[in-house]
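Next come the chains, spelled out residue by residue.
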Amino acid sequence: AQSVTQLGSHVSVSEGALVLLRCNYSSSVPPYLFWYVQYPNQGLQLLLKYTTGATLVKGINGFEAEFKKSETSFHLTKPSAHMSDAAEYFCAVSLYTSGTYKYIFGTGTRLKVLA
Amino acid sequence: NAGVTQTPKFQVLKTGQSMTLQCAQDMNHEYMSWYRQDPGMGLRLIHYSVGAGITDQGEVPNGYNVSRSTTEDFPLRLLSAAPSQTSVYFCASSWGAGGTYEQYFGPGTRLTVT
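Heads up: the protein sequence lines correspond to chains A and B, in order.
Numbering-wise, the first sequence is residues 1 to 115 according to this note's numbering.
Numbering-wise, the second sequence is residues 1001 to 1114 according to this note's numbering.
Source of the hints: derived by calculation from the structure; they are not laboratory data.
Source: prediction; values computed, not measured.
No residue lacks a Cβ here, since even glycine has one placed at the ideal position from N, Cα and C.
Certain hints may be false.
[As the list claims (entries may be wrong)] Just a few of them, taken from the derived set where beta-carbon distance is under 8 Å, the chain A residues facing chain B:
# : residue
1 : G43
2 : Q45
3 : L46
4 : K58
5 : F90
6 : Y101
[Unchecked claim] With a straight-line Cα cutoff of 16 Å, these simulated EDC-like cross-link-like pairs (lysine to aspartate or glutamate) come out:
#  : chain 1 : residue 1 : chain 2 : residue 2
7  : A       : K112      : A       : D85
8  : A       : K49       : A       : E64
9  : A       : K102      : B       : E1059
10 : A       : K49       : A       : E66
11 : A       : K102      : A       : D85
12 : A       : K102      : B       : D1073
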């Protein structure tokens, strides 16, 4: 079955430390890949997406993600965490299956940034 | 450009009551969808629409109805509320049904059914 797995429902990092949020997908064909961020009491907003071309994708607020086909992964990173990065992050894939596109979200990773 | 708007922000219902969650977008997007968000379960698709007059079921459609009479509006109706429908509901829109198109989300409606 096609799915998206986010390892770690909660991740804590110190301010200034590297942020690494993991996302793996299961699909027989490479999907389109997205990362969304949800700040408290708000809707989701797009951080970045991979469609085709360069596998390292840069997004807003200093985040980037690398598509690795051999590992079926699309991990999100940021070199230096800021307090304002505290939020929930969702990985999502868009898959073409049975004649239509299907959008699948992961279960989310809540990032806590420690002062 | 207001983007995607949802009303109300909060709602408390008694079991058995019905209500409509409103969603509107001003970006002329063809594709609109409703999700529910529950702790540890991510977002689950309830219903979606690929254009005015066309709707279809998502992953968890039971207990909900939708209609799409205009491009802008996509209301979600709870027919007879149950405690299991306590959740945060998000409406989203995009240029197309998946593919490379990202989704634009509303601020959500937090629903409690007692």
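Original post:
Broken hints, numbered, in rising order?
Top reply: 4, 11 and 12
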